[in-house]
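Using the hints provided, position chains B, C, D, E and F relative to the given structure of chain A.
Protein chains: 6
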Amino acid sequence: MGEKVSVFREEHFNAAHRLNNAKWTESENQRIFGKCNLPNYHGHNYELIVKVTGEIDPETGYVIDMKLLSDLIRDNILNKFDHKNLNLDVPEFKELNPSAENIAVVIYNLLRPLLSEHLSLQIRLYETPRNFVEFPAV
Amino acid sequence: MGEKVSVFREEHFNAAHRLNNAKWTESENQRIFGKCNLPNYHGHNYELIVKVTGEIDPETGYVIDMKLLSDLIRDNILNKFDHKNLNLDVPEFKELNPSAENIAVVIYNLLRPLLSEHLSLQIRLYETPRNFVEFPAV
Amino acid sequence: MGEKVSVFREEHFNAAHRLNNAKWTESENQRIFGKCNLPNYHGHNYELIVKVTGEIDPETGYVIDMKLLSDLIRDNILNKFDHKNLNLDVPEFKELNPSAENIAVVIYNLLRPLLSEHLSLQIRLYETPRNFVEFPAV
Amino acid sequence: MGEKVSVFREEHFNAAHRLNNAKWTESENQRIFGKCNLPNYHGHNYELIVKVTGEIDPETGYVIDMKLLSDLIRDNILNKFDHKNLNLDVPEFKELNPSAENIAVVIYNLLRPLLSEHLSLQIRLYETPRNFVEFPAV
Amino acid sequence: MGEKVSVFREEHFNAAHRLNNAKWTESENQRIFGKCNLPNYHGHNYELIVKVTGEIDPETGYVIDMKLLSDLIRDNILNKFDHKNLNLDVPEFKELNPSAENIAVVIYNLLRPLLSEHLSLQIRLYETPRNFVEFPAV
Amino acid sequence: MGEKVSVFREEHFNAAHRLNNAKWTESENQRIFGKCNLPNYHGHNYELIVKVTGEIDPETGYVIDMKLLSDLIRDNILNKFDHKNLNLDVPEFKELNPSAENIAVVIYNLLRPLLSEHLSLQIRLYETPRNFVEFPAV
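These protein sequences, in sequence, are chains A, B, C, D, E and F.
Under our numbering, the first sequence is numbered contiguously, ending at residue 306.
Under our numbering, the second sequence is numbered contiguously, ending at residue 306.
Under our numbering, the third sequence is numbered contiguously, ending at residue 306.
Under our numbering, the fourth sequence is numbered contiguously, ending at residue 306.
Under our numbering, the fifth sequence is numbered contiguously, ending at residue 306.
Under our numbering, the sixth sequence is numbered contiguously, ending at residue 306.
A hint or two may mislead.
Note that identical chains are pooled: a pair holds if it fits in a single copy or bridges any two copies.
Unchecked claim - Calculated pairs, BS3-like style, for lysine-lysine (alpha carbon to alpha carbon, straight line, at most 30 Å): (1) K172 - K219; (2) K235 - K191; (3) K191 - K203; (4) K191 - K172; (5) K262 - K172; (6) K191 - K262; (7) K172 - K203.
Since the hints were made in silico from the structure, they are not lab data.
Next up, chain A with everything else stripped away, as it sits in the complex (with noise of 0.2 Å):
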C-alpha cells in the first residue's frame, strides 16, 4: 500500500437540545448550565467533520472513496439526528446529557464499527462557528 493520508468530510445537521443532569435539583441545573439549560430547548446547525487516516489504494489513489465515507455518516449519523431533539429522539442521549463532548463520543463508537481496522478515525463537532471538539484528542 502507500503513503499514509488523512481525509475528511463535512456533513451537517440541523437539531435541538438542552443541557441538564436528571440528578441535579432544577435550581443546581440552572446554575451551572444557563440558557442552555431553558426547558423548551434550543438548536444548532452542528458541522460535522469525520476525519479517516489510512495508506493510499494504488489502485484507486483513495484511502477511503468519500462517497461511500458520506454515504456511511447520512445512514449511520444523519438519519438519527438530523431535524430531531437529542434529548427525547435519540436513545443515546437518555441517560447522556447532549454536550457538544458527549456528542462527539457518540458519533465516533457509532462509526468506529463501521470502519475497517486499517481506518484510524477521529471526529471534529461544530456546535456554533466559535464552539466545537474533537474526539479523540491528538
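Chains B, C, D, E and F only, in chain A's frame:
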C-alpha cells in the same frame, strides 16, 4: 448631512422550532413540512444581518453607532430569541408559523419602531448556511 | 397574500471550462483571456445562489418550499453542469463563451420558465471565492 | 451589447486607524468613539468587494476583465492603503474621520473616474467579519 | 473521569502593530520586514482559537465550561490586546517583535497558569485569513 | 533558537482533472469513480494550506518568512498547477491518478527538498469545501 450609506451588523442566536399549521391535520402538516414538522422540535444557529441605510453624520462619520445598533439587537431580539423554543417561548409565534420568512418579518417589526424615521431597515436571516431570507425584498 | 420576502438557496457544482472566442485567432485569444484560454481546460467549484422573491403564503409561511426549489436546481442545473466540461458537454456553450457572466444568464434562462410568474428570480454565481456575478443586475 | 450583469471582485488590505474628531475635546471623543478612539491606533483586515454593473460584451463574455479590475484596485487602492496608518499616511483622512462609511466613500471616489461611464460602481467594505458598509446605498 | 476530548473556543481582537528589531538599522529592518516595518503601524483582525484538552466530567459532560473559558480569554487576553497598539501598549512586546509566532507564545504563557494542570492548552492565531500559527507545535 | 511553532500559509489554484485508472476497463472506471470519471474532465478551486513547523528565530520572530514561503509555493506549485489540466499538463500525473490524496503527496514531494531540514512540512488540500486531505497523516 453627508452621503447615503448602508451599514450592516451581524449577530446570531440559537433556537429550537418546528413548522406546523394548527388548522391542518397531522398528515397534511407532515406532507407539506416533512421533517421540519417532527413533533419534538429541531434547531438552528440563526445568523442575523441587520442593514440600516441613512446619511453619514459628518461629525462622527457614522450612519449609526454600531455599538448602539448591536446593543439594540441584543436587547430586543437576542434576549427574546436566543436559546429559546420559538414556538413555545416567543409570543409572536403562538399563532404564526416560525418559518425563516416569518421570523425575518417579526424581527423587522420589532426593530423598526426603535430606529429614527430617517433610517431605512432591512433584515437578512440565515436559517442554515445554505438557506436564507431578506425582508423587505428589494 | 402576505409580505414580500426574498428567499435564497445555495447549491454548488464542479466543472471544467476554458474561455475562447472561436472567431478570433489563437494569439488574440491568448492575449485577451490569458491563462483562462489554456487549451486543456481548468475548472472551478462554482457556488450558485438562487434568489426568489414573492409574497409569503399565509398557510405555509413560505415564499416557495426550499426543498422544492432545491430539487428544481438539482434537476435542471446541477444534473446538467456538475462534473461536466462546460465547453464540450453543455449545448448552451457550444457557441457561447462560458464566462461567469454568461453562465449566470444561461442558468437564469433555464430556471425562469419553471417558476410561477408571481415570483421574481436572480442568480448569483461564484466562480472563485473572490470573483462572482449577479444577473439580472439591480 | 448584451444582458446587464453585475460582477464583483474581492480584495483585502490591512491598515491601522483610530476614530477621532479634531474639533472635539479628548473626553468627548472618548465618550463617542470608546475604545476606537484609543490614542495609539488599532487595526483591521479590511475586506473590499468592488461591484461593477454593465452590459456583457458579446465578444468576450465579460462586463469588465476581472484581471484588469483587480489591477485597478491594486494600483489605486491597495498600494495606497495596505499596511498603512489611515490617519497618518493617507491624505484623504487628514481631516476626515476614517470610519468604515468614510473609507467606502473615499474608495468610491478614487475608482469612479477610472471606470467607463457605461459602468456603475458600488463599494462594500468589511471592517470586521460582523461590521460592514455599502456605498452608494441602493 | 471520562473520555479525553479537545474543546475549542474562537474569539477575536483588533490591534495595530509593526515588525521591527531594535538592534538592527532602519535599512536592515526594511529589507527583512518589508511593508510590515512601515513606521506608522498597520493592523489586523486577529482570530484566536484556544484549544483545551482533558477528560469529560461525567456530571456536566464538559471538559471545561465554554462560558468560563470565554470569560478567561476575554479578561486576560482581549482586554489586554483588543483595540490596542501591540508595540506601544502591551508590555510583553516592549522588547519582543510582535510577529504572529511571538503573539501566540505570549497568549499561551498568559493563559497556561490559569488552567488546571490536568488540562493541556494550544493556541491558534490567524493574523489574516491566509496566515496563521499554532503553539505549541504538535 | 526559540519555541517550536507551526506556521500556515493558504494559497489556491484552479485546475481540471478526472479520475481514471488506465489499467482498468472503461466500465470498471465508471463503476468505481462515477461522475469523477466523466471523459471531458471537470474541475475544482483547490485551496492549499502549507504548514511548516520549526523554532522561532529570535532575531526576526519568524519560523520562516511568510512572504518567502508564499513565493516558494507560487513558483513551484501554483505556476505548475494553476489553470491547468492535471491529467494532461502535469507530468507527475501522467501515470498517477490525480485524486486529492495523490495531489497532496505530489505537492509535499515538490516542496520538501526546498525547505531546510530543520523545518517539518505538512500539506492540507481542499478539493471542495466539504472534502479535504492531509499529508503526512499525524
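Consistency of the hints with the structure:
Taking identical chains as interchangeable, the C-alpha atoms of K172 and K219 lie at most 30 Å apart whether they share a chain (13 Å) or sit on different chains (17 Å). Proximity of K235 to K191 under the C-alpha cut-off of 30 Å is restricted to the inter-copy arrangement: shortest distance 22 Å between copies versus 43 Å within a copy. Proximity of K191 and K203 under a CA criterion of 30 Å is satisfied intra-copy only: 18 Å inside one chain copy versus 32 Å between copies. In the homo-oligomer, the alpha carbons of K191 and K172 lie at most 30 Å apart only across protomers (23 Å), although the nearest pairing inside one protomer, at 45 Å, exceeds that limit.
For the homomeric pair K262 and K172, the shortest alpha-carbon distance between copies (22 Å) is at most 30 Å, but the shortest distance inside one copy (38 Å) is not. In this assembly of identical chains, K191 and K262 lie within 30 Å of each other by CA distance solely inside one copy; the values are 13 Å within and 33 Å between copies. In the homo-oligomer, the alpha carbons of K172 and K203 lie at most 30 Å apart only across protomers (26 Å), although the nearest pairing inside one protomer, at 44 Å, exceeds that limit.
The earlier numbered hints are all upheld by this structure, with none contradicted.
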